[in-house]
Amino acid sequence: MARWGLVIDLDRCTACQACVVACKHENNVPFSTPATAAAGRLMTWIQLVAVETPSHGAPTALPLMCQQCDRPPCTDVCPTSATYLNPEGIVAQIYPRCIGCRYCTNACPYAVKLFNWHTPEWPESMAPLKNPDVSVRPKGVVEKCTFCHHRLMRAREQARADGRELSSEDYVPACVQTCPAEAMVFGDLDDPNSEVAVLAASSRAFRWMEELGTRPKVVYLREGE
Amino acid sequence: MRRALLFTGVACIAAIGSSLILPAAPVTQVLAFNHAKHAALTCAGCHAGIQTTQRAGFPSPAVCAKCHATAPASVAPAAWEQLQTSGVRFWKPVTRLPEHVMFSHRRHVALARLACASCHADIGERTAPPARMPRRLVMNTCLACHRAEGASEDCAGCHR
Amino acid sequence: MGDLHASAHDEYEAITQPVLTVGPLFNRWALGLGAVVLWAIFAWAWQLTFGLGETGLGRPIFWGLYITNFVFFIGVSHAGTLISAILRIVDAEWRRPITRMAEVITVLVLFFGVGNVVLDLGRPDRALNVILHPHFRSPLLWDIMSISVYLMASSFYLYLPLIPDIARLRDQTHGWRHRFYRRLSIGWTGTPKQWHRLERMIGIMAIVVIPIAVSVHTVVSWVFAMTIQPMWHSTIFGPYFVVGAIFSGIAAIIIAMAIVRKVYRLEKYLLPIHFNNLGLLLLVMACLWFYFTFAEHLTTWYGQQPHEVTVFNARVFGPFAPFFWLMVVTCFVVPFGILVNSRTRTVRWTVIASISVTIGMWIERFTIVVPSLSNPRAPIHTFTYVPSWVELSLMAGCFAAFALLYMGFTKLFPVIAIWELEQDAHAAAAVTADPVLAPRVEEA
Amino acid sequence: MNDHLTRRNFLFYGGAAVAGVTLGQVARRQIAWADERAASRESGEERWAVSVCRECAASCGVQVRLIDGRPVKLEGNPLCPVSRGRLCAKGQAAVEAYYDPDRLTGPAKRIGPHGSGTWQRISWEEATSLLAARLKSTAGRPGEVLAVAAEETSPAADVWQQVWRAAGARVHSTTGATAGRLRERWAALTGIAADPSFDLEHASYVLSFGAPVVEDWLSPLWTQRAFGRFRRSSGRPRGRLVQVEGRKSLTARKADEWIAVPADRQVVLVYGIAAVLLRENRIDREALRPYLRNLNDFEQAVTTRFTPDEVAAATGVPVVTVLRLARDLVSAERPLVIMAADASRELVDAALALDMLLGAFDRPGGIHAATPPVFTPQTAGADAPDTGAAPRVIVFRDSAEFRSLATTPDLEPALNTADLVVSFSPFLDEAASVADLLLPTHTALESWHAVVPATCVPGQMMAIARPVTPPALETRDLIEILKTVSDMVGGPMAAACTWPSSEALVGDQLARLAATHRGGPYTSIYETEWMQQLERGGWWTAAAATEEGIGDAIATAGGWADPYFEAGQIRRRLAELGGCSFPAPPVLPSAPLSPVILDSLHPLQMETFVPVGVNRLGSPNQPVLFELLGQPEARPWGPWVELSPETARTVDVATGEHVQVESASGALEASVVIVEGMPPGVVALAFVPAVPTGGRWAREIVRDVRSLAREDALRTGPVAVRIARV
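Line order of the protein sequences matches chains F, P, X and G.
Take -9 as the starting number for the first sequence in this note's numbering and just add one per residue.
Take 9 as the starting number for the second sequence in this note's numbering and just add one per residue.
Take 550 as the starting number for the third sequence in this note's numbering and just add one per residue.
Take 18 as the starting number for the fourth sequence in this note's numbering and just add one per residue.
No lab work stands behind these hints: they were computed from the structure.
All values reported here derive from a predicted model rather than from experimental measurement.
Incorrect hints may appear among the rest.
[What the hints assert, rightly or not] One side only, chain P facing chain G, incomplete, derived with CB under 10 Å: (1) Arg11; (2) Leu14; (3) Ala22; (4) Thr61; (5) Gln62; (6) Gly65; (7) Lys74; (8) Cys75.
[As the list claims (entries may be wrong)] Okay, derived cross-link-like pairs now, SDA-like style, lysine to any residue, Cα gap no bigger than 25 Å in a straight line: (9) F:Lys120 - P:Gly132; (10) X:Lys960 - X:Glu562; (11) F:Lys129 - X:Trp588.
[Unchecked claim] These stretches of chain F come out as covered by chain X in the derived footprint (C-beta under 8 Å, 3 or more residues): (12) 5 to 15; (13) 30 to 39; (14) 105 to 119; (15) 152 to 163.
Idealized CB from N, CA, C, for every residue including glycine.
Extracted from the complex, chain F is given alone in its bound form:
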């Protein structure tokens, strides 16, 4: 079984935020207002954060989404197993199981799990904008990046209909698909021939906060030689 991973080359990344918009539209993430943003309720499954990375003096804009840890601090603390590590290494969130205690959001050192403070709303005219493959989360549950898991389900279905194995081009998350600078690479970390596995072994590779023992599957490549 694959172990999905993502490599982000910070040397290539231009902080253009195309990934942020792609994710927002792909996953029915609601919009904010100035007031909600100021109150810490801006919803984005992927965002830029200013992080001081190894060997780059000034803070670098790091695209941050769920790091899909192999040892996720968030899943252990969930009292109902609403969030768990799935067999393919994706940290999933099962919304109808979630009781909204927000223990997982507090346990996550990356602060990438979001809570639905209100019922998400779109203006009436924007109703058709929602992606039918992804549900709209009700108020009171935690949500997060799923590596666009619905795309995997569709790709797998398609591959099976075509009578072939799932190949690496079949399934990429929306952020990877759109990245203009081609800074993101997605694939199976367990396949030694995959591009992600090769890049993840590069000397520039680092996993953010890996000293916490989270073993993230999002690998960053630092800037510079």
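We have chain F already, so just place chains P, X and G on it with the hints.
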């Protein structure tokens, strides 16, 4: 005071109990479609999506018009005309899944060769449109089958 | 036995009288507190309708007042059972008039502790998922298990010693009260066999309840300590929380004692010696609390780990400094100053110290919950957490409801265990012979 | 309690039960009803269609995901040579503009006072006749009409120009930051009537003079990809970027080295570097001779005027740095010097000269000449002579933010004197806020497209697509409106517009493309195809294909491309001309370093920059774009000011806090972002246009940079400000 509380308590228990026991609110269709009469057609003939898409889909008025050049006997010609010209799909879904469930007809019907009756029970033999879900579907309905067939039981596989 | 009853009737009328009569003062207070509770219910309905967005919480400050209150109430719950159980085990005879008051606090306050968690849930309608689909690696589940065991044990521990007193009331009342007491007294007639069983059960429960109580607050601390968040991930959190819990618990009993004593004119039973002795206990706990607080902060400061020290700085010098230093003053400086001196260990001053400790311990819970969340490891947008009207209303509602229930209890059951006093009368000689306590009794 | 079931008790419990059941069922029916409404009766049928992104001049090909015919998501068109399946943030946000709840629902005329944003819906007949009547009354008098539109190379833009010029109008274009801006200086130097094309991707060392490489330089998406590949490509060393810019922009932060030189002094540094190269004999003079006439004069002038010490004094860059830059440049394998699209003429001249000295022309990782375009803009008619008279009628097209800093003339006085201002735009944008008549056109997803993308690759392209969805509201096609109005006015205007609709216009263009027998539809694996075609020396469509067939294939693929380009064109052309002459370097300016007068009251020099997410062409009302502002410092939804740590210390603010930026003429509140390494005297303020009468999201921005200074002042340079803690 005590009696008022008692009254409220009994009413609450009755409300919750009846909601759990009684079947869901009935659905009435615009046309009294007779599935049994159309048994000669395959399901996919009208519900075109089942082989290729996630949703089975309902036939548009144009699909009916392929066979029914004029209004069927049970339908008023004026109403028929109006439905034909409006072009909207007027069928109301009876078997509905919660929003957080992802069910792909293509995966189950086209790839896994699951019979329609597994979930839709005897709808194909009904002479009148059912008012309620012909088969009560809960998570265990899905899980039982998944277990029996050795299909994935990963929560994220069906919960979206 | 009949003799004893007749005489006891007169002797303990001061205790039973408030139970059986409802005065205008009670009604006024009940009305006032009831209004606050109703308002809180409205606020809760508001929150249920519009979602937790009606609080002042946001990302990354996901927990605020509710969880602070949760920890605080669970802490206060240690008042009772633990103190009365320990004192019972060590045969401290002076405990007799105060045990029940303490035990009631425990049972009532636990509901508010758990209730605050429910208030904090995004989907309280799904709270049962915790039982239907439990995940045993979650400290929150450990918490739920230990709290429910504690609730059952402490309710039982409250109920057992109530039985003889209920039977006494049964014999004094008629009408619905009589029927009520008759059912609750489960056929108590005061035979030696029944006394023997009761004493044994109480003895067993007193021992059983202590480890459960310790586990409860340890597990509450683990809710925080099991995460890897800066200044939550601490090994001393277990004992630190237990000490804090007993500390705030004692303070709560002293306040409750003082109020009951004043309102129901029980000066005859609640003697300054009780305040003195509990004051001494409070003093010990203040020192222990200070020791733990100091140890916790010293190691963090000395280690200077970047993320830990960020939270440390925010707490000690930064935006949370007013809370932190107020906590140090109210939890240590004030109670220590008052209680270290035997001349200020009077009823009035121990109560002042207790109020100070109660406020301080609430702030302590707040400065544990919020600063860590306000300074996450990830450099994301943070904001200043200000509780909304909904949170403040619900907090007020919790305190009001607690007071209301406590008042209600005093109108149904005697707040002082009469039969224990009777036993005490038999053991009076032992008290006066006590080398430590005897002089103070005279002082009083 | 009574244990017997009395009649009274029976009624009591029965009543309670009935009440409960009723209540429960009513509630459930409500839920079921809501459920039913939520459950779509549509089939959920998915379809993909191609379109063209019109959010900037790059005109990337996009792919639209349609569910039941409604657009759900925009993605890059994998066949498009510009986007190659990728899409930038702004491009993706365009779908929000389509669904904008505050989009214009149909034509309207202003009823409230000017700028009040109160409108009355009118019919298309009334709207067009209103405009036609007013145009008739101008009777084609020159200068009475002013037409303002964003610059674009397309048949529709030609029709726009022709129609208005026929009405005696002056036609003004707001220019985008594309390679088209460099066209004039490029042609002056090389004599080639095409745009320069910079091969950023294959360069190994890039010296950039203010070019916003990671932001939106020339064709943004193409630049982003080129930058990524420049930085990291297998088999090549990492590309090195040195950014010369006044403020520490995003590009400066991303660059390996940032050299703080204000825009007006950068030209000195360019010549300073050239002087070092010449003085140290680091260039191949013999190789240059055939293409250059005045090398000796140039060398003489440069080396005498730009000594390292003088350059250092004028720019503030230490001598060692100037020497190092020069030596690094020549020792790099494929050095490239680039400049901002809106750089001054002198800077463009100087940078191109330096490129020539470095042998960057016609070399991989250098500069190429784009193929002369197949589509040449029709320039029928000429602008009315500028009589100085104020225009009476102003028409705007797709100029959401016509008063942006990129616009040249100051429209403010004209807006005050004009009696009819018309906006041809689907959105409640800046033009709409001052307009008297709104004539909403279709959005990009509802339109026919034929547009030449801004030059990026050295081939030819034309983005062509059909509408992907029928018009959602009562909007109209631009050409259709122009045709209706021109026919009503009659005379030269009627003659100028011969197409009834965009569909006809695009169809005509498709036929013309088919007739060129060059190029073909956008095709997959563009680069492989390109290499193959280069080997074959051209690209022809199959002879058997009919014109309709070709047209259909082009519209289905999303565009037409002819990747063939003439390698070595520049050198060949220069050799034919007998070499070019470098423009004479300017005399070292001795004016004060900053054109802004700072005083004790306003001691800071404020520069303005436009954040990448700000949409200057399309709808100003796209919520997601406001969320992108102020990142990664998490300051979304408003303007922010970048301060040096020193400046921040003087007012005691930290990132995330707010300051008041005050100039002599106004004030603005902005959140603070501290940028390490900013020059202490400089603050940079983000320009987030305020449209107070715009849609629900746009309205949230109440004030912008323009409240601090007149726009012309902002355009010409920095402004003196002070900041105060809020």
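To see whether the hints hold, each was checked on the structure:
no.	hint	in the structure
1	Arg11	holds, 7 Å
2	Leu14	holds, 8 Å
3	Ala22	holds, 3 Å
4	Thr61	holds, 6 Å
5	Gln62	holds, 6 Å
6	Gly65	holds, 3 Å
7	Lys74	violated, 16 Å
8	Cys75	violated, 19 Å
9	F:Lys120 - P:Gly132	violated, 33 Å
10	X:Lys960 - X:Glu562	holds, 14 Å
11	F:Lys129 - X:Trp588	holds, 24 Å
12	5 to 15	violated (count 0)
13	30 to 39	holds (count 5)
14	105 to 119	holds (count 5)
15	152 to 163	violated (count 0)
Checked against the numbered hints listed earlier, the structure breaks hints 7, 8, 9, 12 and 15; every other hint is satisfied.
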